[in-house]
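Engineer: Residues per chain are reported as follows:
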Amino acid sequence: MTEAHRRNAEQWIDHLRGDSGVRESALTDLRRILLLGLSKALRSRNLDEAFLEDVVQDTLVKILDRLDQFQFRSKFTTWAMTIATREAITELRRLRWKDVSLDDVSDGGRFEPPNPADDDQPEGHAARTELVASLKRLVDGRLTDKQRVAINAELSGMPQEEIARRTDSNRNAIYKLVHDARKKLQTGLREEGYDTREVIQIIA
Amino acid sequence: MPLTYEQLKGLIGFVAETTDDEITCIECLVGMAELAEFQLAGREIDDAVAVIRDHVEFCPECAEEYEVLLGALEAIGDVEDEPAVATD
Ligand SMILES: [Zn+2]
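Residue numbers (the numbering used here), protein chains in the order written: chain A, 1 to 204; chain S, 205 to 292.
Bear in mind the hints are in silico, worked out from the structure with no lab data behind them.
A hint or two may mislead.
Claimed, not checked - Cross-link-like lysine-lysine pairs, in silico, DSS-like; alpha carbons within 25 Å at most:
| id | chain 1 | residue 1 | chain 2 | residue 2 |
| --- | --- | --- | --- | --- |
| 1 | S | K213 | A | K184 |
| 2 | A | K183 | S | K213 |
| 3 | A | K146 | A | K183 |
| 4 | A | K136 | A | K98 |
| 5 | A | K62 | A | K40 |
| 6 | A | K40 | S | K213 |
| 7 | A | K146 | A | K176 |
| 8 | A | K146 | S | K213 |
| 9 | A | K184 | A | K146 |
| 10 | A | K146 | A | K98 |
| 11 | A | K176 | A | K136 |
| 12 | A | K136 | A | K184 |
| 13 | A | K62 | A | K98 |
| 14 | S | K213 | A | K176 |
| 15 | A | K98 | A | K176 |
What the hints assert, rightly or not - The following residues of chain S were derived to be distant from chain A, with all beta-carbon distances above 10 Å:
| id | residue |
| --- | --- |
| 16 | K213 |
| 17 | A254 |
| 18 | E261 |
| 19 | I280 |
Since the model is a prediction, treat every value here as computed from it, not as a measurement.
No residue lacks a Cβ here, since even glycine has one placed at the ideal position from N, Cα and C.
Excised from the complex, chain A in its bound form:
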């Protein structure tokens, strides 16, 4: 296999915007670089070559689409690899969660505190019970249904991208939704007299 031509960032951009021959050659090199990086970084996941080739193909389309967003703050290939990585992991998450519904992981947004019998630490038990009661009041009283569902789904391990897919939303919007929920809970706990650092110790 011949090595890729070396290009600096300006040349990558020029070549990818260039005439068909130059462009094809740059695309071939970029494809090879992205495939090499992803296949090694994801080696332990035993993915087949076709999966990675599809991911890289989709990545190239996105890169060509976003060339004007490249800000020359890193090497071009590093930037391209961030897009490839997100593409690959997003696709892996989609496959992993494809048979799981939001209902399966969100319990309809109900906040059910842990079973006290499962609290195996005798020390601080009363403080934990009190904190959990406050938290439940705040979750029930201050969060929206959407926020409760998203939080439960996240606590069950469902990635934000997958929550977004099931709610006609996007990862950014889910991040903001949950951030807003976290802020409300933080404020609520403060109002109930909890120092936010102290709550970590209570639950530790």
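Fit chain S with the ligand to the known structure of chain A by using the hints.
Structural biologist: The following block gives chain S with the ligand in isolation, referenced to the frame of chain A:
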């Protein structure tokens, strides 16, 4: 289904560490390349990149992507150079 104590701990940790100036995962993606290059070169990071690092440390999804990114960058090594030369 009741939460486990582990989940409760996760929730409380997230709530306690919430700040007003968090960036989103999309904003994180924009700066992730720079963070990776700082880290791989062992350079001290500046304030703008520290914001990206904070997000990566806080957001499990970006953390997973960042780890794969570092692996991929290590695998490709130094593929760029100046000036452009054909190496085949
Ligand atoms: Zn993130």
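Engineer: Determine for every hint whether it applies to the structure shown.
Structural biologist: Taking the hints in turn, this is what the structure says about them:
1. S:K213 <-> A:K184: Measuring from Cα to Cα gives roughly 17 Å; hence the hint holds.
2. A:K183 <-> S:K213: Between K183 (chain A) and K213 (chain S) the Cα gap is close to 17 Å, so the pair holds against 25 Å.
3. A:K146 <-> A:K183: Judged against 25 Å, a Cα distance of about 15 Å means the pair holds.
4. A:K136 <-> A:K98: Since the Cα atoms of K136 (chain A) and K98 (chain A) sit roughly 30 Å apart, the hinted pair is violated (cutoff 25 Å).
5. A:K62 <-> A:K40: 22 Å, holds
6. A:K40 <-> S:K213: The hint is violated at about 34 Å.
7. A:K146 <-> A:K176: 12 Å, holds
8. A:K146 <-> S:K213: 21 Å, holds
9. A:K184 <-> A:K146: Between K184 (chain A) and K146 (chain A) the Cα gap is close to 14 Å, so the pair holds against 25 Å.
10. A:K146 <-> A:K98: 21 Å, holds
11. A:K176 <-> A:K136: 21 Å, holds
12. A:K136 <-> A:K184: 13 Å, holds
13. A:K62 <-> A:K98: With a Cα-Cα distance of about 23 Å, the restraint between K62 (chain A) and K98 (chain A) holds, given a limit of 25 Å.
14. S:K213 <-> A:K176: Given pair K213 (chain S), K176 (chain A) holds - Cα atoms ~21 Å apart, limit 25 Å.
15. A:K98 <-> A:K176: Answer holds: K98 (chain A) to K176 (chain A) is near 24 Å, not above 25 Å.
16. K213: 5 Å, violated
17. A254: 14 Å, holds
18. E261: At about 15 Å from chain A, E261 (chain S) clears the 10 Å cut-off, so the statement holds.
19. I280: 5 Å, violated
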